[in-house]
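**Q** If you're matching them up, the sequences are chains A and B in order. Under UniProt numbering, the very last position in the first sequence is 300; numbers go up by exactly one each time. Under UniProt numbering, the very last position in the second sequence is 300; numbers go up by exactly one each time.
Accuracy of the hints is not assured; some may be wrong.
Treat identical chains as interchangeable: a pair holds within one or across any two.
[Claimed, not checked] Straight-line alpha carbon distances no greater than 30 Å define the calculated DSSO-like cross-link-like pairs of lysine-lysine that follow:
hint	residue 1	residue 2
1	114	69
2	53	299
3	131	114
4	53	135
5	131	284
6	284	135
7	69	243
8	243	262
9	284	125
10	135	299
11	21	193
12	125	38
13	124	262
14	299	70
15	243	131
16	193	69
Hints are computed from structural coordinates only; laboratory data are not their basis.
What follows is the residue order along each chain.
There are 2 protein chains.
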Amino acid sequence: MRIIDVNIREVGPRDGLQNEKEIVSTEAKIEWVNQLVKTGLPYIELTSFVHPKWIPALADASEVVKGVKKKEHVTFGALVPNEHGLERALEAGIDEIAVFLSTSETHNQKNINKTIDDTIPVLKKVVREAKSAGKSVRGYISTVFGCPYEGAVTVDKVLSISSQLMEMGVDEISLGDTIGVATPNQVVEIVKKVSGHIPLTNIAFHPHDTSGTALANVYAAYMLGVRAFDGSVGGLGGCPYAKGATGNLATEDMIYMFNGMKVETGVDLEQITACAVWIQKRLKRTLPSHRLQVAIAQKR
Amino acid sequence: MRIIDVNIREVGPRDGLQNEKEIVSTEAKIEWVNQLVKTGLPYIELTSFVHPKWIPALADASEVVKGVKKKEHVTFGALVPNEHGLERALEAGIDEIAVFLSTSETHNQKNINKTIDDTIPVLKKVVREAKSAGKSVRGYISTVFGCPYEGAVTVDKVLSISSQLMEMGVDEISLGDTIGVATPNQVVEIVKKVSGHIPLTNIAFHPHDTSGTALANVYAAYMLGVRAFDGSVGGLGGCPYAKGATGNLATEDMIYMFNGMKVETGVDLEQITACAVWIQKRLKRTLPSHRLQVAIAQKR
């Protein structure tokens with residue numbers, strides 16, 4: 001049995017690739033995910049079952065889920081916006097599903113095309129059906145630390161959305177710093193408040209490194225007892241709200257920090273960095289990951 | 001009177017430019033420093049009085065020091081390797097001088113061309129003369145968190161070097177993560193040990209962001225009571241040990257985090273980001289600063 005202190009949730013194949021300009025072939029995605037599985041990651045979010053017209057880069061969702069090699073230690077997840085998406089995900093044989101909504105009305109409407117109040121009943125149905133199919137469920141909450149349209153978000157709003165997701169039966173909520181504006185004090189404030197009502201074991205943190213604060217925020221959350229963190233290999237994905245800026249935190253940078261802290265993630269740093277090198281070549285752009293650039297520089 | 005919670009030591013014009021390939025003209029340096037002064041920075045390290053054959057980019061040290069506009073709120077510093085450098089620095093009218101050595105023998109020999117034991121007496125003389133000329137003195141300690149040649153450095157070695165600098169009369173020691181390998185737990189361990197013997201008010205932290213951990217390390221050091229931090233506008237400087245990787249932490253990223261934490265630095269974030277934009281144009285390469293890239297992306 002593996003002893004893991006923190007659970008790394010790899011979202012690169014979904015959250016990363018959905019925002020990349022360069023389309024990666026289905027075959028390459030499968031090959032890459034098979035490499036990611038070997039790094040020891042406990043969770044890999046493979047794709048999104050939203051309508052292909054919204055995210056053409058992930059139109060091959062079913063093929064990817066069916067194509068990757070299953071391994072006992074890894075849970076494969078996929079984003080699902082509604083019942084139709086859930087049907088497709090279940091048919092493809094996914095292990096876990098992820099639902100999503102925002103804490104801010106404007107972001108939710110721009111992202112999901114529905115008010116928050118209209119989103120909740122859809123998610124309820126999806127979660128109920130997923131659970132009755134024996135699947136675990138993640139709940140992504142966007143704009144927890146600030147909204148690109150509305151600015152600051154109240155802690156009460158975050159708590160209200162979090163509680164509603166937990167009441168639906170979601171197993172883990174992921175607090176998203178969607179635009180990468182969070183600072184450690186804010187992470188402390190929000191995690192303290194939310195964990196007063198929801199067990200820490202059900203809370204994950206989804207950092208973005210747009211302001212360079214991602215690892216500081218991860219450190220602050222870890223010190224409070226958060227034990228699940230989302231990362232994207234290579235820092236794939238960019239920032240959808242500021243083209244050219246950094247988005248997702250690079251998983252390998254997070255693994256590097258946890259290794260230094262003697263916190264076991266179960267993930268091999270060298271192997272996951274190699275996965276970052278591999279996908280950077282395919283995407284033909286310099287990814288923001290620090291350890292990836294160090295690895296390349298040291299090979300020169 | 002300004003109330004400042006933490007002191008930002010701007011090292012971009014010296015530590016940044018000395019490692020940039022593109023040479024910046026004396027006139028441009030002076031114009032840029034004059035902009036930096038207006039941001040509210042309390043300390044700016046202007047240049048280095050090492051022999052021009054070692055660092056041609058800073059051969060104009062005297063002209064720069066003489067050329068910048070003095071302001072009451074800002075202390076101008078310069079690096080000085082020996083008595084000859086000190087003479088030149090004093091003649092140019094510098095406010096504060098900075099001496100430097102490493103915790104690791106190999107790095108010290110490669111960097112200064114002397115053993116640590118042979119470096120100490122030289123620094124002693126320089127510090128004594130600088131103090132008798134009424135100047136304050138910083139002491140940079142390199143490779144505190146790891147050496148590119150020797151690997152791990154013992155905490156006892158760091159403490160021994162720190163104590164020797166303090167005994168010479170140095171006013172502030174700056175603990176340098178020269179190759180950007182530190183993680184927050186290590187910062188906690190070293191700062192706790194050193195601050196057991198040297199007052200926290202005499203300790204600064206010099207982070208590098210090579211591994212993406214710089215702000216996590218700054219946060220950890222701040223939480224322990226460190227109140228002086230070195231930054232380089234734009235993240236100027238690169239990493240001398242891994243070409244293409246990130247070196248110095250971008251000052252504006254640090255200001256961003258402290259602003260979020262309601263920690264007063266006295267530095268205007270917008271103005272210092274503008275200084276980063278300005279120098280990036282001159283250097284013709286994309287600098288690693290996060291807030292700089294956000295600023296540029298938002299203007300598109």
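**Q** Run every hint past the structure and note whether it holds.
**A** Going down the list of hints, with the structure as the test:
Proximity of residue 114 to residue 69 under the C-alpha cut-off of 30 Å is found in neither arrangement, the shortest distances being 36 Å within a copy and 57 Å between copies. Taking the shortest alpha-carbon separations for residue 53 and residue 299, only the inter-copy value of 29 Å comes in at or below 30 Å, while the best intra-copy value is 41 Å. With identical chains, the CA atoms of residue 131 and residue 114 are at most 30 Å apart within one copy only, with a shortest distance of 24 Å there and 68 Å across copies. Taking the shortest alpha-carbon separations for residue 53 and residue 135, only the intra-copy value of 26 Å comes in at or below 30 Å, while the best inter-copy value is 67 Å.
In this assembly of identical chains, the alpha carbons of residue 131 and residue 284 never lie at most 30 Å apart, being 40 Å within a copy and 54 Å across copies at closest. Proximity of residue 284 to residue 135 under the C-alpha cut-off of 30 Å is found in neither arrangement, the shortest distances being 36 Å within a copy and 52 Å between copies. Within a single copy, residue 69 and residue 243 get their C-alpha atoms no closer than 34 Å, and across copies no closer than 37 Å, so neither meets the 30 Å cut-off. Only between protomers do residue 243 and residue 262 lie at most 30 Å apart by alpha-carbon distance; the minimum there is 28 Å, versus 35 Å within a single protomer.
Within a single copy, residue 284 and residue 125 get their C-alpha atoms no closer than 40 Å, and across copies no closer than 54 Å, so neither meets the 30 Å cut-off. Taking identical chains as interchangeable, the C-alpha atoms of residue 135 and residue 299 are never at most 30 Å apart, the minima being 43 Å within one chain and 44 Å between chains. In this assembly of identical chains, residue 21 and residue 193 lie within 30 Å of each other by CA distance neither inside one copy nor across copies; the values are 38 Å within and 48 Å between. With identical chains, the CA atoms of residue 125 and residue 38 are never at most 30 Å apart, being 34 Å at best within one copy and 57 Å at best between copies.
Taking the shortest Cα distances, residue 124 and residue 262 never come within 30 Å of each other, neither inside one copy (39 Å) nor across copies (39 Å). Within a single copy, residue 299 and residue 70 get their C-alpha atoms no closer than 32 Å, and across copies no closer than 45 Å, so neither meets the 30 Å cut-off. Taking the closest pair of Cα atoms, residue 243 and residue 131 never come within 30 Å of each other, the shortest separation being 37 Å inside a single copy and 50 Å across copies. Taking identical chains as interchangeable, the C-alpha atoms of residue 193 and residue 69 are never at most 30 Å apart, the minima being 40 Å within one chain and 49 Å between chains.
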